[in-house]
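Those sequence lines, one after another, are chains R and P.
Heads up: the first sequence begins at 1 in the numbering used here, then just goes up one per residue.
Heads up: the second sequence begins at 1 in the numbering used here, then just goes up one per residue.
What the hints contain is simulated information worked out from the structure, not anything from laboratory work.
Given the structure is predicted, the values throughout are model-derived calculations rather than measurements.
Honestly, I wouldn't trust all of these hints.
Note that identical chains are pooled: a pair holds if it fits in a single copy or bridges any two copies.
The list that follows gives simulated cross-link-like pairs (lysine to any residue, SDA-like), each with its CA atoms no further than 25 Å apart [stated by the list, open to error]:
1) Lys146 <-> Leu245
2) Lys225 <-> Ser148
3) Lys146 <-> Arg105
4) Lys211 <-> Arg229
Protein chains: 2
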Amino acid sequence: MNAGSRLSVAVQGEAGSFSHQAALEILGERLALIPQRSFDAVFDAVTDGAAEQGVVPIENSLTGSIHENYDRLSERGLNIVGETQLRVRHCLIGLPGVGIDEIQRVASHPVALAQCRRFFAQHPAVEAVAAYDTAGSVIEMLRAGKRSHAALASRLAATLHGGEVLLEGVEDDPQNFTRFLLMARESGPVERATKTSIVFTLDNVPGALFKALEVFARRGVDLSKIESRPLRGRPWEYAFYLDVLGNPHGAAGEALSELQRGAAELRVLGSYPEGLKKRPT
Amino acid sequence: MNAGSRLSVAVQGEAGSFSHQAALEILGERLALIPQRSFDAVFDAVTDGAAEQGVVPIENSLTGSIHENYDRLSERGLNIVGETQLRVRHCLIGLPGVGIDEIQRVASHPVALAQCRRFFAQHPAVEAVAAYDTAGSVIEMLRAGKRSHAALASRLAATLHGGEVLLEGVEDDPQNFTRFLLMARESGPVERATKTSIVFTLDNVPGALFKALEVFARRGVDLSKIESRPLRGRPWEYAFYLDVLGNPHGAAGEALSELQRGAAELRVLGSYPEGLKKRPT
Numbered sequence: 001m002n003a004g005s006r007l008s009v010a011v012q013g014e015a016g017s018f019s020h021q022a023a024l025e026i027l028g029e030r031l032a033l034i035p036q037r038s039f040d041a042v043f044d045a046v047t048d049g050a051a052e053q054g055v056v057p058i059e060n061s062l063t064g065s066i067h068e069n070y071d072r073l074s075e076r077g078l079n080i081v082g083e084t085q086l087r088v089r090h091c092l093i094g095l096p097g098v099g100i101d102e103i104q105r106v107a108s109h110p111v112a113l114a115q116c117r118r119f120f121a122q123h124p125a126v127e128a129v130a131a132y133d134t135a136g137s138v139i140e141m142l143r144a145g146k147r148s149h150a151a152l153a154s155r156l157a158a159t160l161h162g163g164e165v166l167l168e169g170v171e172d173d174p175q176n177f178t179r180f181l182l183m184a185r186e187s188g189p190v191e192r193a194t195k196t197s198i199v200f201t202l203d204n205v206p207g208a209l210f211k212a213l214e215v216f217a218r219r220g221v222d223l224s225k226i227e228s229r230p231l232r233g234r235p236w237e238y239a240f241y242l243d244v245l246g247n248p249h250g251a252a253g254e255a256l257s258e259l260q261r262g263a264a265e266l267r268v269l270g271s272y273p274e275g276l277k278k279r280p281t
Numbered sequence: 001m002n003a004g005s006r007l008s009v010a011v012q013g014e015a016g017s018f019s020h021q022a023a024l025e026i027l028g029e030r031l032a033l034i035p036q037r038s039f040d041a042v043f044d045a046v047t048d049g050a051a052e053q054g055v056v057p058i059e060n061s062l063t064g065s066i067h068e069n070y071d072r073l074s075e076r077g078l079n080i081v082g083e084t085q086l087r088v089r090h091c092l093i094g095l096p097g098v099g100i101d102e103i104q105r106v107a108s109h110p111v112a113l114a115q116c117r118r119f120f121a122q123h124p125a126v127e128a129v130a131a132y133d134t135a136g137s138v139i140e141m142l143r144a145g146k147r148s149h150a151a152l153a154s155r156l157a158a159t160l161h162g163g164e165v166l167l168e169g170v171e172d173d174p175q176n177f178t179r180f181l182l183m184a185r186e187s188g189p190v191e192r193a194t195k196t197s198i199v200f201t202l203d204n205v206p207g208a209l210f211k212a213l214e215v216f217a218r219r220g221v222d223l224s225k226i227e228s229r230p231l232r233g234r235p236w237e238y239a240f241y242l243d244v245l246g247n248p249h250g251a252a253g254e255a256l257s258e259l260q261r262g263a264a265e266l267r268v269l270g271s272y273p274e275g276l277k278k279r280p281t
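Please model the entire structure based on the sequences and the hints provided.
This is the structure:
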């Protein structure tokens, strides 16, 4: 592999973040990571060309949709070109050679801390400290060099930065999956696509949503997700996000064309292969 | 009015919070407020009888659903017995007699601070300080007694606690409405109900959601809201929340009975009068 063939990919967080792991699952090793501080910065990096693609989380199986990223998908002109579902497995990571009983302080992203409540309940003397990123908290822990400090992050973060995994599977609930989207400026190849994500608005009349879904049901086209978000300036009206299964050259595409004619506004956010898992964890 | 005829109502936040204002809109003056520190505590207070009813926000027209309260509606056995939509109008409240140019520090709930970004952009020297409650930050400001301190809260909070409104309508977006639900242990009278909220799950088969909505569309029964939330332990499966318009003794009730037969699980969260506004702001 040479650097010239690598794809530059923006993610929120440092190397070893769950977004990085998701990017590796979709793209394999052929990527050059471009860490960003925020989701907005990821969208910016792809939009202005600083990165060729970007990866953001869109939904967690325990906590639900990451609604702010749904809003960004609608507001920004990027295309979804891939996705993956990642099993979120948190590791307690410390300096090499330390024991669990030495740990007094554990840093991580607030969501990761919230997903590991049982660990903190079982270790009441351990202080939970919020950080902007899971993998970033590993880097800071190593930089601080204190035996009493640890971080919650992926095994990948420990491997990449040289921390030691003291405990694996610290999360409360093993059914913890996050779905990530891969985004690019251009749309992906339609041939391999098995899923299409759209956002649309409807005229505010009775049965409008039912009629919209009818175009799919009549053709036996299945939907894997529906999400509603408020429309700014139009209180109690909504934009609907749908994930439609099937290749857009088939019945799914016909249904989308029919919906496009009936909807007030409709935008295809991208057609892409469903849940491609190159390297299951 | 005597105290004996008052209804005890739990809300998150202190007297003068937007939840308090919502409770006054639905119930009029005949309430005895029971302030709580959290939404969980509001549900607890109604469940264990410490309060007869409780008011919680469920949706904001700018930021969307308050998903944690949807989850609580599903998990707790309470009934929705009323609702109101409140125009959220933030006031800058200081000690009586101070000028805006004296203010150096403004406290409020983080959501209120986020809804007033323009004020802070226009007053870069003013520090925004997060507090657990809008009205509570007025109480703390008055207690501190410093001319440089102010809070963002409702006019009602200023009136009740003796602060002075220095600026009204500080929020960035005038289209800022929040919908609140009134909850009780017992269900409300069906006769006056014009809306029914339900939560249901479906078997994971193609077209299931379409078939569920079809029972309403076929009878011309309108839906005012659909929301999906993840099911714990069943990744990528969802509970759906619907608001169904019409009296449950009519076509809406027939549709609900049919859906009940077809759904995997269905629970009526409550039938109640829609958007009753006793005292519009």
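Structure-based check of all given hints:
1. Taking the shortest alpha-carbon separations for Lys146 and Leu245, neither the intra-copy value of 50 Å nor the inter-copy value of 60 Å comes in at or below 25 Å.
2. Taking identical chains as interchangeable, the C-alpha atoms of Lys225 and Ser148 are never at most 25 Å apart, the minima being 44 Å within one chain and 50 Å between chains.
3. In this homomeric assembly, Lys146 and Arg105 come within 25 Å of each other (Cα to Cα) only inside a single copy, at 10 Å, whereas the closest approach across copies is 36 Å.
4. In this assembly of identical chains, the alpha carbons of Lys211 and Arg229 lie at most 25 Å apart whether taken from the same copy (19 Å) or from different copies (22 Å).
The structure is inconsistent with the numbered hints 1, 2, although it conforms to all the rest.
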